[in-house]
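S.K.: Chain residues, written in single-letter form:
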Amino acid sequence: MFETLTQKLEAALKRLRGEGRISEANIAESLREVRRVLLDADVNYKVVKDFIDTVQQKSLGQEVISSLSPGQLIIKIIHDELVALMGSEKSDIALSSSPPSVILIAGLQGSGKTTFSAKLARLLKAKGRSPLLVAADVYRPAAIDQLEVLGKQIEVPVFVNRKDSALTIAENSIVHARLNARDTVIIDTAGRLHVDEEMMQEIEKVKKSVQPHEILFVVDAMTGQDAVNTAKAFHDRLNFDGVVLTKLDGDARGGAALSIRSVVQKPIKFIGTGEKMDALEPFYPDRMASRILGMGDIVTLVEKAQETFDKEKAQKLEQKIRKAQFTLEDFYDQLQEIKKMGSLSQMISMIPGASRLGNLNDVDEKELKYVEAIIQSMTIEERQHPAIVNGSRRKRIATGSGTSVQEVNKLLKQFFEMQKMMKNIGKGKNFNRMLTQRFH
Amino acid sequence: MKFFDAQTFSRLKEGLAKTRDVLVTKVNRLVTAGSKVDKQFLDALEEILIGADVGVEMTSEIISNIQQRVKDERYENQDELQRIIASEISKAFTHSVSERNSSDNGQLADPLFIPHDVKPYVIMIVGVNGVGKTTTIGKLAYNYKQAGKDVVIGAADTFRAAANEQLEIWAERAGVKIIQQLQGSDPAAVAFDTIQSAQSRGADVVIIDTAGRLHTKSNLMEELKKIKRVMDKSLSGAPHEVLLVIDASTGQNGIQQARQFHSAVGITGIAVTKLDGTAKGGIVLSISKLLNIPVRYVGVGEQIDDLQPFSAEAFTAALFQGNVHVERQSP
Numbered sequence: 003m004f005e006t007l008t009q010k011l012e013a014a015l016k017r018l019r020g021e022g023r024i025s026e027a028n029i030a031e032s033l034r035e036v037r038r039v040l041l042d043a044d045v046n047y048k049v050v051k052d053f054i055d056t057v058q059q060k061s062l063g064q065e066v067i068s069s070l071s072p073g074q075l076i077i078k079i080i081h082d083e084l085v086a087l088m089g090s091e092k093s094d095i096a097l098s099s100s101p102p103s104v105i106l107i108a109g110l111q112g113s114g115k116t117t118f119s120a121k122l123a124r125l126l127k128a129k130g131r132s133p134l135l136v137a138a139d140v141y142r143p144a145a146i147d148q149l150e151v152l153g154k155q156i157e158v159p160v161f162v163n164r165k166d167s168a169l170t171i172a173e174n175s176i177v178h179a180r181l182n183a184r185d186t187v188i189i190d191t192a193g194r195l196h197v198d199e200e201m202m203q204e205i206e207k208v209k210k211s212v213q214p215h216e217i218l219f220v221v222d223a224m225t226g227q228d229a230v231n232t233a234k235a236f237h238d239r240l241n242f243d244g245v246v247l248t249k250l251d252g253d254a255r256g257g258a259a260l261s262i263r264s265v266v267q268k269p270i271k272f273i274g275t276g277e278k279m280d281a282l283e284p285f286y287p288d289r290m291a292s293r294i295l296g297m298g299d300i301v302t303l304v305e306k307a308q309e310t311f312d313k314e315k316a317q318k319l320e321q322k323i324r325k326a327q328f329t330l331e332d333f334y335d336q337l338q339e340i341k342k343m344g345s346l347s348q349m350i351s352m353i354p355g356a357s358r359l360g361n362l363n364d365v366d367e368k369e370l371k372y373v374e375a376i377i378q379s380m381t382i383e384e385r386q387h388p389a390i391v392n393g394s395r396r397k398r399i400a401t402g403s404g405t406s407v408q409e410v411n412k413l414l415k416q417f418f419e420m421q422k423m424m425k426n427i428g429k430g431k432n433f434n435r436m437l438t439q440r441f442h
Numbered sequence: 016m017k018f019f020d021a022q023t024f025s026r027l028k029e030g031l032a033k034t035r036d037v038l039v040t041k042v043n044r045l046v047t048a049g050s051k052v053d054k055q056f057l058d059a060l061e062e063i064l065i066g067a068d069v070g071v072e073m074t075s076e077i078i079s080n081i082q083q084r085v086k087d088e089r090y091e092n093q094d095e096l097q098r099i100i101a102s103e104i105s106k107a108f109t110h111s112v113s114e115r116n117s118s119d120n121g122q123l124a125d126p127l128f129i130p131h132d133v134k135p136y137v138i139m140i141v142g143v144n145g146v147g148k149t150t151t152i153g154k155l156a157y158n159y160k161q162a163g164k165d166v167v168i169g170a171a172d173t174f175r176a177a178a179n180e181q182l183e184i185w186a187e188r189a190g191v192k193i194i195q196q197l198q199g200s201d202p203a204a205v206a207f208d209t210i211q212s213a214q215s216r217g218a219d220v221v222i223i224d225t226a227g228r229l230h231t232k233s234n235l236m237e238e239l240k241k242i243k244r245v246m247d248k249s250l251s252g253a254p255h256e257v258l259l260v261i262d263a264s265t266g267q268n269g270i271q272q273a274r275q276f277h278s279a280v281g282i283t284g285i286a287v288t289k290l291d292g293t294a295k296g297g298i299v300l301s302i303s304k305l306l307n308i309p310v311r312y313v314g315v316g317e318q319i320d321d322l323q324p325f326s327a328e329a330f331t332a333a334l335f336q337g338n339v340h341v342e343r344q345s346p
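Each protein sequence line maps, in turn, to chains A and B. Per the working numbering, residue 3 is the first one in the first sequence, and the count goes up by one each step. Per the working numbering, residue 16 is the first one in the second sequence, and the count goes up by one each step.
By construction, these hints were calculated from the structure, which means they are not laboratory data. Any given hint might turn out to be false.
When the alpha-carbon atoms are kept at most 25 Å apart in a straight line, the in silico DSS-like pairs for lysine-lysine are as follows [as the list claims (entries may be wrong)]:
#1 Lys48(A) x Lys54(B)
#2 Lys134(B) x Lys106(B)
#3 Lys278(A) x Lys241(B)
#4 Lys371(A) x Lys192(B)
#5 Lys278(A) x Lys240(B)
#6 Lys207(A) x Lys268(A)
#7 Lys51(A) x Lys240(B)
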């Protein structure tokens, strides 16, 4: 996520890092590259212009010249500006104290409204609310069926009426929610172009009638320069409360996030990171800015880990790491825990500096399956003392796991290297290096 | 086969003439305002091109070409400057005009051309999520059907909820046959069966839908390769066309999309969708040049007949236009 932007910004700033002093000339050159990076990342042309102007003004100020490490200060200024652009803190969605709370979902065709609606319903349900999904897309063929299928998957009721207009459906769904004790109504509307007057009027009418407590604008992270136009048009009509950025699990640089935020001044509240129903995360502007600058997103990683890791197990593991008693069995357990956390590439993208490791999307989840199979084919003794795995044992393990001796060798080699690094951590050395080298 | 009859063709030509005028006016304004090719003028041009998602690299290339030509040719008046600008921009597309089907005047390709000796002609549709693959298939099927072809659609998006139902409705609207299996079944098997069925009924055209997938998911790209391999097993040489669908609002990530899909399944053509909004789709300029593949269709609405053949000229004109993208002619 945002990886390419991070890489490119890092390349552009590398020169600055090496400089002892900042001159007007070398700033200008670096800023030209930053400008290009941001444009390549689909940040809007005008937004980039303002951004570069601001950074330039601040960089040439007293603070930078007096500083001992100009490179760091520039990164800080860019980082702070990025955070300021994206809104300085994370914001939650508004829920009414008197039920039902009504959430209206709007956006262009294909931005991912229906998938997001279901993900949001799942999230709210997990938090103890009783959501009702409303299928108000009466235009796209089978849109209603899609929401029904997803509703079934996450076990959330879906309000469906195949005869009425979107407005009537929305109105009736509120009554239905009251009668059936559903405290949150999520209305999934049809995708519409902001220049389609008739359709824009329709959603205005829905808004006026159901008085949503929260209106969310869903936008594809791959969107280019036009993101500003569409966001502005939707905002003029609906005055939406927040933005949802979808499909961030790809390699889109997501500059649209910066543009939209700076043009409509509304926070990004969620990001979609996959097709699975649990691939929804809150948006943290500061973390995202850190990620853009290659500082990684260690906070999110830790939070995720806390959610899923068994605390006791983690403590035991930590002790083992410190005493360098880490075995293949522990490694296997750890793999299982990681799998609970989400996709591997998603996890890696949060590791500081991971962007410098090249294209992380190449991490093949299939390879993990081989690793699992190999470890499963070992005896308990072998897992605890991998050193005893000799040639004939390797052959047996390879056959047992349906892999080759080379693959067994590769795993063992990687494991021994890892053990070595673990020892270093035990002594408090370079945690970062361990994290980034583990998968390569 | 000539898909567009004489009347349609002349209507399109009229449409193009209209958009040409718009281009002239818009650039004219630019030229008059700047009166000469100075930094301000070039900045304004840069803003238009980058704002259309043409991309920094392509934009620099176009602008430096214009500068060079202005220097070499010493244009005399605004008309000439306009001509230079317009030709430099649409030149980026010259690579993309398909050889196999360019028409007599070399301007308009016939994107729905089908060789006589290939039956059934198999088209595979690929792209990331939400770009409009299924809608494009509905429109394509309709167009072929209207041209008197027997069309079979294969619903090989077995992943997304209700994808089958959506395609079924489009097939019904187009009046063509659809082959499908349950959600979650093997998409390659659906593709195989569709081609088999089309062969046994002597159909002319097969269109295979695939699930939207991000180009970064290596397992899903492998699946796509497999679908293509299996199609070739079902009918040697199939698919004959692999069409990548790109959303006009896509930014620079479109290049990565195109690259990855191309290296996985070998793209042979591009369709740009949702050009009826304000997005200009400038990214296809870079894509078509990078991969040397033609842009074949543009989608300009949600109706079944809202699919048009691509025209570099109209597209270029639209870059400079305010809202409406491709001129639509009412009959």
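S.K.: Now, for every hint given, state plainly whether the structure supports it.
M.R.: Going down the list of hints, with the structure as the test:
no., hint, verdict
1, Lys48(A) x Lys54(B), "holds, 17 Å"
2, Lys134(B) x Lys106(B), "violated, 35 Å"
3, Lys278(A) x Lys241(B), "holds, 23 Å"
4, Lys371(A) x Lys192(B), "violated, 40 Å"
5, Lys278(A) x Lys240(B), "holds, 22 Å"
6, Lys207(A) x Lys268(A), "holds, 22 Å"
7, Lys51(A) x Lys240(B), "violated, 42 Å"
Hints 2, 4 and 7, counting from the list given before, are not met by this structure.
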